[in-house]
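Novice: Residue-level listing of the chains:
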Amino acid sequence: MRLLTCALIFLSCFGLLALSSPEGNAFSAEGSTAEAETYGVDAVHSTVLFKIRHNDVSYFYGLFGQVSGSFVFDEKKASECSAEIEVKAESVDTRNTKLDQHLRSPDFFDAKQFPVISFKSTAVKKGKGENYSITGDLSLHGVTKSITIDMEHVGTADGRRGKLMGFHTTFMIDRTDFGMTYGVGTALGKDVEMTISIEARKQ
Amino acid sequence: MLDFWSLVYGVLLPGFLTGIGLAVVWRPWRSSPGDAPPPTRSWSGLLFAVGFFAGCTALFGLPPTPFGDRVLSGGDWLLWTALVAGPVVFIDSGLGRLVLVTRTLLVLGMLFGVLHAMLQYHWSTSEAVQWFAGLLGLYGLVWSASASLAKRHAGPMVPGVLFLAATGLALCIGLSGSAKLAQTAGVLCACLGATLIIAVWRRSFRLDSGDITVALLVLFGVSLGAHFYSELSGFDALLIGACPLGAWAGELPFVRGRTPIQRRLLRTLLVVIPVAVAVARAVLAFEPDPYGDYGG
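Sequence order for the protein chains is X and V.
Residue numbers for the first sequence follow the numbering used here, beginning at 1 and rising by one.
Residue numbers for the second sequence follow the numbering used here, beginning at 1001 and rising by one.
Rather than coming from a laboratory, the hints here were simulated on the basis of the structure.
Among the clues, some could well be false.
Restraint-style ranges between C-beta atoms, simulated for each label pair [stated by the list, open to error]: (1) V/ALA1242 x X/PHE171: 44 to 54 Å; (2) V/LEU1284 x X/TYR59: 29 to 39 Å; (3) V/GLY1257 x X/GLN101: 45 to 55 Å; (4) V/VAL1129 x X/SER68: 29 to 39 Å; (5) X/THR38 x V/GLN1120: 26 to 36 Å; (6) X/LYS88 x V/LEU1141: 36 to 46 Å; (7) X/VAL184 x V/LEU1007: 11 to 21 Å; (8) V/LEU1119 x X/LYS125: 33 to 43 Å; (9) X/ALA123 x V/HIS1122: 27 to 37 Å.
Selected chain X positions facing chain V (Cβ under 10 Å, derived; list incomplete) [said to hold, decoys possible]: (10) THR47; (11) HIS102; (12) ARG104; (13) ASP107; (14) THR181.
In this text, all values refer to a predicted model and were calculated from it rather than measured experimentally.
Heads up, the beta-carbon is just placed ideally off N, CA and C, and yes, glycines get one too.
Based on the provided sequences and hints, a complete structural model is requested.
Specialist: Here's what the structure looks like:
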């Protein structure tokens, strides 16, 4: 009897220890985390696209080739989450060298004077399902404005070199709000649709 | 891209403001120059500044204020510096030797304002010191030559040289990469063009050192912006910025001994050739837009 009691106590202690271990949480659902985790943006597998109306007849697409940043993600507490993304303005890429040069000039992004386009979150709220509403400061062309974007948590997986997480968002900005007025009212629209797809690796 | 309103705001408005202001001050319609003694203050500098600020504001909107929450571009800083420089040179002519201090501060202010992004993101400290020393020296050299010429020669020569330099600059920038900066140089052309018209009309018209300070401050500021932030080559910027030195070469002793026609011809060639070379280089390097027309 005493032996049985000791065995039960020993097993209970072992079970409690296993439950409280930060790594060996075998009883928790897959992918959920007990605390916030930091992820660094994978620049190779992340994409920043822009779309603008051209000549009022078509949509023109371009992308930025250099993106960096980090996320803090806590699946249980959205308020603990944060995001910081930076894009190098000179990395604008439209598959045409002359056009890229013009976009980097003072007529558009003025990349030498405003080399970084950044977004820093100030508040995160969980929406339905895997959607999050992120409010933050978008800095572009020397102007910083608060915007709110809806971001989808696409998924989480264990990669070969660590845990991976992906996010996707599409939002509109009025480029004239950021002092970018060239071509407005003639050949170029003022609304720009941004599509950002981020893959990040746990650090 | 040029359209009707760009021409109105970027050429007619600044030209009109500067020209009408100068006409009121200099009264070129007076038959005898003795009836209208020349002004004793830097009216041209003040009117350049007002015309330039008005033209650029009409084209691009009011620039953000320096101490707000927006980061100013080099072009924004140049506008504010020009607007401050106009009244400063108007007032400081009575300050004796302090004039050198105020005007050096204006030029330093222009350099810091236009080039602050280079200081912040691209240059090391030693690079910044070298660039500033070189640019300040070049400005001083061109300013000395221009002010000396203006002192010796009334009439359209000095305004003509500055107008030619500004026109060459506008053409080179327009052919090399930035419509916005080309329009900014165009506003300067309009102000200097109006000055040239008044100078042709009234032969006793003269720019003083304060006027030269403001005109060169804006010319240098636009050139530096176009070189560091757009595609204007350093060689072309140097050719254009230094063309007043060509006019000054007519004052050298071995040139002064020539006949007036020979001096005038040599001076003209030494001013026109550098600008023509810069424009020719820009034309040869120009590639038509393969991606179509952006419109405005």
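Novice: If a hint holds in the structure, say so; if it doesn't, say that too.
Specialist: Here is what the structure says about each hint:
1. V/ALA1242 x X/PHE171: 44 to 54 Å: 49 Å, holds
2. V/LEU1284 x X/TYR59: 29 to 39 Å: 36 Å, holds
3. V/GLY1257 x X/GLN101: 45 to 55 Å: Holds: the Cβ-Cβ distance is about 50 Å, inside 45 to 55 Å.
4. V/VAL1129 x X/SER68: 29 to 39 Å: 31 Å, holds
5. X/THR38 x V/GLN1120: 26 to 36 Å: 28 Å, holds
6. X/LYS88 x V/LEU1141: 36 to 46 Å: Since X/LYS88 and V/LEU1141 have Cβ atoms about 38 Å apart, the given range 36 to 46 Å holds.
7. X/VAL184 x V/LEU1007: 11 to 21 Å: Given about 18 Å between the Cβ atoms, the range holds.
8. V/LEU1119 x X/LYS125: 33 to 43 Å: 40 Å, holds
9. X/ALA123 x V/HIS1122: 27 to 37 Å: Holds - the Cβ-Cβ distance for X/ALA123 and V/HIS1122, about 34 Å, lies within 27 to 37 Å.
10. THR47: At about 22 Å, which exceeds the 10 Å cut-off, the nearest Cβ of chain V leaves the hint on X/THR47 violated.
11. HIS102: Given a least distance of 7 Å, the restraint on X/HIS102 holds.
12. ARG104: 9 Å, holds
13. ASP107: X/ASP107 check passes; min Cβ-Cβ to chain V is 5 Å, inside 10 Å.
14. THR181: Result: holds, 7 Å to nearest chain V Cβ.
When the structure is compared with the earlier hints, a violation turns up for hint 10 alone.
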